[in-house]
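A.B. asks: As a plain string of letters, each chain reads:
2 protein chains.
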Amino acid sequence: MHSQEELLDFIKNGHKQYLPHVSIDPVIFGYSDQKLKILLLKWKGLEGWGLPGGYIKREEPISQAANRILEERTGLKNVFLQQFYTFGDSHYRTHEQSLKEITQEQGEDILKGSWLFERTLSISYFSLVDHSKVNVTTDFFTYDYHWFGIDEIPELLFEQNEVVDKALTTLRLQLYHQPIGSNLLPEKFTLPEIHSLYETILDKKLDQRNFLRKMMTLGIIKKLDEQRSIGAHRSPFLYQFEKENYEEALKQGIIHAN
Amino acid sequence: MHSQEELLDFIKNGHKQYLPHVSIDPVIFGYSDQKLKILLLKWKGLEGWGLPGGYIKREEPISQAANRILEERTGLKNVFLQQFYTFGDSHYRTHEQSLKEITQEQGEDILKGSWLFERTLSISYFSLVDHSKVNVTTDFFTYDYHWFGIDEIPELLFEQNEVVDKALTTLRLQLYHQPIGSNLLPEKFTLPEIHSLYETILDKKLDQRNFLRKMMTLGIIKKLDEQRSIGAHRSPFLYQFEKENYEEALKQGIIHAN
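Protein chains in written order, with my numbering: chain B, 1 to 258; chain L, 1 to 258.
Rather than coming from a laboratory, the hints here were simulated on the basis of the structure. Hints are not guaranteed to be accurate.
Computed list of lysine-lysine pairs in DSSO-like fashion (alpha-carbon distance at most 27 Å, straight line) [what the hints assert, rightly or not]: (1) B:Lys205 - L:Lys214; (2) L:Lys77 - B:Lys214; (3) B:Lys57 - L:Lys223; (4) B:Lys166 - L:Lys77; (5) B:Lys243 - L:Lys77.
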């Protein structure tokens, strides 16, 4: 947790360290036990739920900022994290109410003209992590967290339901074109394992045989000459992601546009 | 053109009207005579080429800002314009050299601490227009323009070649999933017309029969019970975009993810 002193310094002087007017707000999807969830933090003062977020340091490349913020909130490094949209139409974050609550004892003087009350555009990323491996850390403005199933997301602060919806749409659209699931499966996995992951993310049944054909045709996975022994008469073949293949394909635009 | 007075006011006071630290930089693709081009402006002082751009007004929704900037540069309204990425890794625009040149007579005092020297993230959009209909207007920092063929783009200022490359990749990836070409064709068009547009954008030959089948399967276009008479024995059938169809499909994520 942060001290009150740190918080007051952040309110008064944060803009010397961070760029004002832009925040990074990752939508963190968690997959575990065949369920897709999303990480939300509970805000002080506002008593509602919102996405974890953070600011970009003045000299920090934004992709580095996004990775840093994800690590600060979840403890995870090197996971799939992708920018998908910058929101700035109806999406105005203001910390005013929350800060009034937090700084009650200090009176309101300290809040006057704080950079945190300025209009803030939100550069949004999404990530997909194994949520059983996550250690969540709240930030200055939040005091609790919860992994919500994607079918039970409450009304969010700062009109962030729009952000979550677009993240989910993008995740599903890109599922066949990016190694999105690669950090949720063992390096070598069985067909049922990846099949179940895809069914969960897309929230629908996929015929296993068609699914396999599609994955092989797209060149996303390859079958190994190796089996996993899971019983006397059961030793399914193992598969592996073919990262290079579809990174190349994506670059050349041949996956969609052929 | 802008007066020197306006320019000096923009340098000194622009941040009162516009958000600092973020600009909108549209990659404007022009299609005409079966050629795909891109609009570049020539910068004062820097003597190089760069994308047209602009800033977001303090209370202006960013999609509105993007449309305004496109209209200011091209005179066009209601054309396809889509956000595709926010650059902020290596992409630091600075107006310093350019401004020194422009404000030579004023000395350098006026430039001190100007908001235009601050690090600026670039929210990038792409657009596709009929470039024969465009009236280009340069901005404060530029004095000439040219439509470059996409195979003859020079090295750009502010590392913007990366922006152009990503715009082109995105345009090609989304060509079958969005009504991207709809403002480049007559409302009712022939198969050769749309076929030629797609071949130009993708920069490759497409078998006409397969192309038609794909467009019909995706539900992007529909065949009308109507022909265009273009000669004694030539009256090709007409087609029309099915906007609603694939907007719906895109929303549900069924175009890619089935």
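A.B. asks: Against each hint, give a clear statement of whether it holds in the structure.
C.D. replies: Here is how each hint holds up against the structure:
Straight-line distance between C-alpha atoms of Lys205 (chain B) and Lys214 (chain L) comes to about 25 Å, which keeps the hinted pair within the 27 Å bound. With a C-alpha separation of about 41 Å, the suggested pair Lys77 (chain L) and Lys214 (chain B) falls outside the 27 Å cut-off, and the hint is violated. Among the hinted pairs, Lys57 (chain B) with Lys223 (chain L) is inconsistent with the structure: their alpha-carbon atoms are about 54 Å apart, more than 27 Å. Proximity of Lys166 (chain B) to Lys77 (chain L) is assessed by CA-CA distance (about 26 Å); at most 27 Å being required, the pair is judged to hold.
For the proposed pair Lys243 (chain B) and Lys77 (chain L), the alpha carbon gap of about 41 Å is over 27 Å, so the pair is violated.
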